[in-house]
Amino acid sequence: MVDRGSTGTKQHSSAINKSFNDQNQTKIVLRRLPPTLTSELFLEIVSPLPDHDYYRFCKADISFGQQYAFSRAYLDIPNRQDLIVFTEKFQGYVFLDKNGNEYICSVEYAPNQSRPKSEQQLRKDPKVNSIEQDPEYQTFVTNMNAPLSATEALPNAETMLEEIEKKQRDQDSKNKSGATTTPLLEFLKRKREERKQEKLIRIQQAQQQQQRRSNKQSSRNTASNTHDDSRPSSGRNMNDDDYNASSRYGGGDRSNRQQRGYDKSDYRTGNHEQVMK
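Numbering-wise, the UniProt record's numbering puts 43 at position 43 of the sequence shown, and it's gapless, one number per residue.
Heads up, simulated DSS-like pairs for lysine-lysine below, C-alpha to C-alpha not over 30 Å straight-line:
{"hint": "1", "residue 1": "K89", "residue 2": "K117"}
{"hint": "2", "residue 1": "K59", "residue 2": "K117"}
{"hint": "3", "residue 1": "K59", "residue 2": "K98"}
{"hint": "4", "residue 1": "K117", "residue 2": "K127"}
{"hint": "5", "residue 1": "K216", "residue 2": "K199"}
{"hint": "6", "residue 1": "K89", "residue 2": "K59"}
{"hint": "7", "residue 1": "K189", "residue 2": "K199"}
{"hint": "8", "residue 1": "K191", "residue 2": "K174"}
{"hint": "9", "residue 1": "K189", "residue 2": "K174"}
Label-pair restraints from in silico Cβ distances:
{"hint": "10", "residue 1": "L148", "residue 2": "T182", "range": "36 to 42 Å"}
{"hint": "11", "residue 1": "D172", "residue 2": "Q208", "range": "49 to 55 Å"}
{"hint": "12", "residue 1": "P78", "residue 2": "N99", "range": "36 to 42 Å"}
{"hint": "13", "residue 1": "P50", "residue 2": "D134", "range": "44 to 50 Å"}
{"hint": "14", "residue 1": "D53", "residue 2": "L148", "range": "57 to 63 Å"}
{"hint": "15", "residue 1": "P116", "residue 2": "N145", "range": "41 to 47 Å"}
If you're looking for bench data, these hints aren't it; they were derived computationally from the structure.
Ideal Cβ placement from N, Cα and C applies to all residues, glycine included.
Work out the full structure, taking the sequences as your base and the hints as a guide.
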């Protein structure tokens, strides 16, 4: 990387002094640096740096394209005179990359004047390395170091093995005596029985309804047969039309006509009188 000072920097010194008159701003940014520039090479070019509280170098983002990708550097210079001198020196300074392309540096106030705190400025947690002074921890350590009493002493390996074998025998005997049940299994069993009972009741109700329908149909058939048997019979088989006609015009047997108050001769005499009239 090659650099050369710009001949026009002295002409803009008055303008720079006017733009950097704000006493409260001390953080500056150097923009439009070559995209291939590194932090080590930048420090070598701008050295010696004035006293500063903060320095950060940002490499160019090549995804923006070679035309719009630039590196940049941030500096915080508390001394106003050092800040103005450094700004006059590098405002318009021309950086050259290895291919001879020129990049004119631009120095301005950083948009964000805040800077991250150093390790000395960071507030430490007051509870750091204070566990040994914690009352609960001290009580825990005391209980851990206290000797165990006879009742609290841990059993030896043989005693623990005997207890485990006894529990295993009790479990095996319980499994042999009967199947192990739980409240959940009992609940499912009870629900299954209730569904069976409901299904049986529905089947019985359907059978009863079917039986009632059969009885009604049988009663209708019996009543129809009785009505057909009550009709008067003649020398020939009569259908429904013959039966209705004979009943309407005095038909039927002789006894039936006599009961109605007229005979065959009366019927003919009545017709003859009607003709004479």
